[in-house]
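FYI, full-length UniProt numbering numbers position 98 of the sequence shown as 98, with every residue one higher than the one before it.
Heads up, a few of these hints could be off.
Here are the in silico distance ranges between beta carbons for each label pair [to be verified]:
#1 K7 with K116: 54 to 62 Å
#2 S112 with R165: 15 to 23 Å
#3 A86 with K7: 54 to 62 Å
#4 Y20 with P109: 24 to 32 Å
#5 T98 with R165: 22 to 30 Å
#6 A86 with E28: 52 to 60 Å
#7 N150 with K31: 19 to 27 Å
#8 K34 with P105: 16 to 24 Å
It is worth saying that the hints were derived from the structure and are not from the lab. Don't be surprised by glycine CBs; every beta carbon is placed ideally from N, CA and C.
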Amino acid sequence: MRFDEVKELIELINNSDLSYFEMRDDKEFIKMDKSITRNYISNSNDLFDNNLNKLAITDLSNDVDIKTEVKENIEENYPSQNNDDADVEAIVSPIVGTFYEAMSPEDEPFVSIGQKINKGQVVCIVEAMKLMNEISAEFDCEIVSVLGENGKMVQYGEPLFKVRRV
Numbered sequence: 001m002r003f004d005e006v007k008e009l010i011e012l013i014n015n016s017d018l019s020y021f022e023m024r025d026d027k028e029f030i031k032m033d034k035s036i037t038r039n040y041i042s043n044s045n046d047l048f049d050n051n052l053n054k055l056a057i058t059d060l061s062n063d064v065d066i067k068t069e070v071k072e073n074i075e076e077n078y079p080s081q082n083n084d085d086a087d088v089e090a091i092v093s094p095i096v097g098t099f100y101e102a103m104s105p106e107d108e109p110f111v112s113i114g115q116k117i118n119k120g121q122v123v124c125i126v127e128a129m130k131l132m133n134e135i136s137a138e139f140d141c142e143i144v145s146v147l148g149e150n151g152k153m154v155q156y157g158e159p160l161f162k163v164r165r166v
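All chains, full assembly: derive it from the sequences and hints.
Structure, rendered in structure tokens:
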């Protein structure tokens with residue numbers, strides 16, 4: 001695909017209501033994702049007018065502390081249960097990705113409710129950018145509940161399991 005064809009394709013997608021576009025053929029693969037806002041020049045014409053070399057420089061000094069924002073998001077979207085579960089802790093996702101409870105669809109889940117597991121034992125996989133990331137228990141514990149849904153997206157810091165130390 002020639003550069004001017006790629007440029008035209010970018011402009012078409014940018015001016016459409018599509019948030020995601022993927023095109024494959026024998027030799028080429030193009031993927032465009034507008035679902036996540038990025039701190040780049042947003043108008044594709046500006047990109048090409050600037051020879052594709054200049055990115056918008058954003059002053060991040062006034063941005064909200066990311067850790068605070070993530071913590072508030074977790075507290076808002078994943079409120080803790082009542083105080084009866086004071087000894088229950090969560091195993092959370094360290095990354096954004098797709099949650100898998102087993103190595104493959106035919107395999108048994110890594111863990112099940114009521115199972116006692118050892119520190120370092122794999123409890124699930126979170127796939128991110130085609131990499132399978134094993135999530136392990138950080139201490140000996142018992143699985144109280146499975147919060148992650150197989151094959152569904154999970155966010156950074158999202159609780160995947162409720163566990164009780166043993």
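Results of checking the hints against the structure:
{"no.": "1", "hint": "K7 with K116: 54 to 62 Å", "result": "58 Å, holds"}
{"no.": "2", "hint": "S112 with R165: 15 to 23 Å", "result": "18 Å, holds"}
{"no.": "3", "hint": "A86 with K7: 54 to 62 Å", "result": "59 Å, holds"}
{"no.": "4", "hint": "Y20 with P109: 24 to 32 Å", "result": "30 Å, holds"}
{"no.": "5", "hint": "T98 with R165: 22 to 30 Å", "result": "28 Å, holds"}
{"no.": "6", "hint": "A86 with E28: 52 to 60 Å", "result": "56 Å, holds"}
{"no.": "7", "hint": "N150 with K31: 19 to 27 Å", "result": "25 Å, holds"}
{"no.": "8", "hint": "K34 with P105: 16 to 24 Å", "result": "31 Å, violated"}
Hint compliance for this structure: hint 8 is the single one not met.
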